[in-house]
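**Student:** Sequence:
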Amino acid sequence: MQFIGIVLVLGLVQIWGSGAPLHRDRWFFDWISRVKAVEWLKLYPLSHFSVAIALPLILLLLLEGLFFSISIWLHLLLSVAVLTYCLGRGDFSMLCSRYMVAWSTGNWLQAVHEAGKANVDLSEIDDGDWAELHHRMVKALAYLGFERMFAVLFWYLILGLSGALVYRLASLYREETEDPIEYESIARLMWLMEWPAVRALGLSFALTGNFVSCFTRFRSHLTCVKTSTEHMLLMFVESALSVTQEDIENPRCGEHELRELERLFARTLVLWLCFVAVATVFW
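Be aware that the sequence shown starts at 61, since it is given in this note's numbering, and climbs by one per residue.
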């Protein structure tokens, strides 16, 4: 049923452009506020985070058991709704498109504006330095594509709806918290959750991109525990797309890399679907 659920979710994303109709996070932010109002929880590290995640997770497990006992199809509907909710926020394709329009028209300010929406680090970048902006945009979009879709699917396949929900709620909590210590702790937890997922994606990139280059990079960084998720993804993407240092310094090559990035994600998503389909048949 996981395969059917994923196909239905991807169908909804194609129709809507994203999972936006189900991305209603106000309830979770209100719940975080209530949890943080409990004074005694401040005595324990990450207690607010743990409680904020635990209740939705317990509720989901209860609903799964109830729906599955009634009908497997009712459970499928729940799976589609929850998995769609767990996908990343925003329209990835639209963000890429708007940035490329700004680049093609030479509108630097608009390009910077769109890059900001993708959480690009805009510090210490010279006006009109398109090559550097493209490079940073590729890094940001690579992580957005991973966080939006592949990390969620990875944990859904490993732990079911619970894994996908924990990943998404942890991401939302990290964005909402104003405590720098809590932020760093949750960021570390997110890195741990992303560690196996990003390597699964890197291996997939080797199969959908330049195999020799990407697999060599994958093998050399398989056990690395120091590199950030964003930088690891950038290395995998550049290897899969055969990007050299000279290409990075050329704005035209940066444009090509941005366009190919979306195609790389699309090919890899098809690969994952094929894997899930085969696993469903034989397992």
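Check before you lean on any hint, since a few could be wrong.
Across the chosen pairs, the derived CB separations fall in these ranges [claimed, not checked]:
hint, residue 1, residue 2, range
1, Leu123, Glu184, 26 to 36 Å
2, Leu119, Trp76, 34 to 44 Å
3, Val341, Phe271, 38 to 48 Å
4, Thr165, Leu123, 24 to 34 Å
5, Thr283, Ala247, 15 to 25 Å
6, Cys334, Trp91, 31 to 41 Å
7, Ser129, Phe63, 38 to 48 Å
8, Glu309, Val98, 46 to 56 Å
9, Ser280, Pro105, 26 to 36 Å
10, Leu267, Leu137, 42 to 52 Å
Just so you know, the hints here were simulated from the structure itself, not pulled from any lab data.
As the structure is a computational prediction, the values presented were derived from the model and not from experiment.
The C-beta atom is built at its ideal place from N, Cα and C for all residues, glycine as well.
**Student:** Tell me the numbers of any earlier hints that the structure contravenes, in ascending order.
**Tutor:** 1, 2, 3, 4, 7, 10
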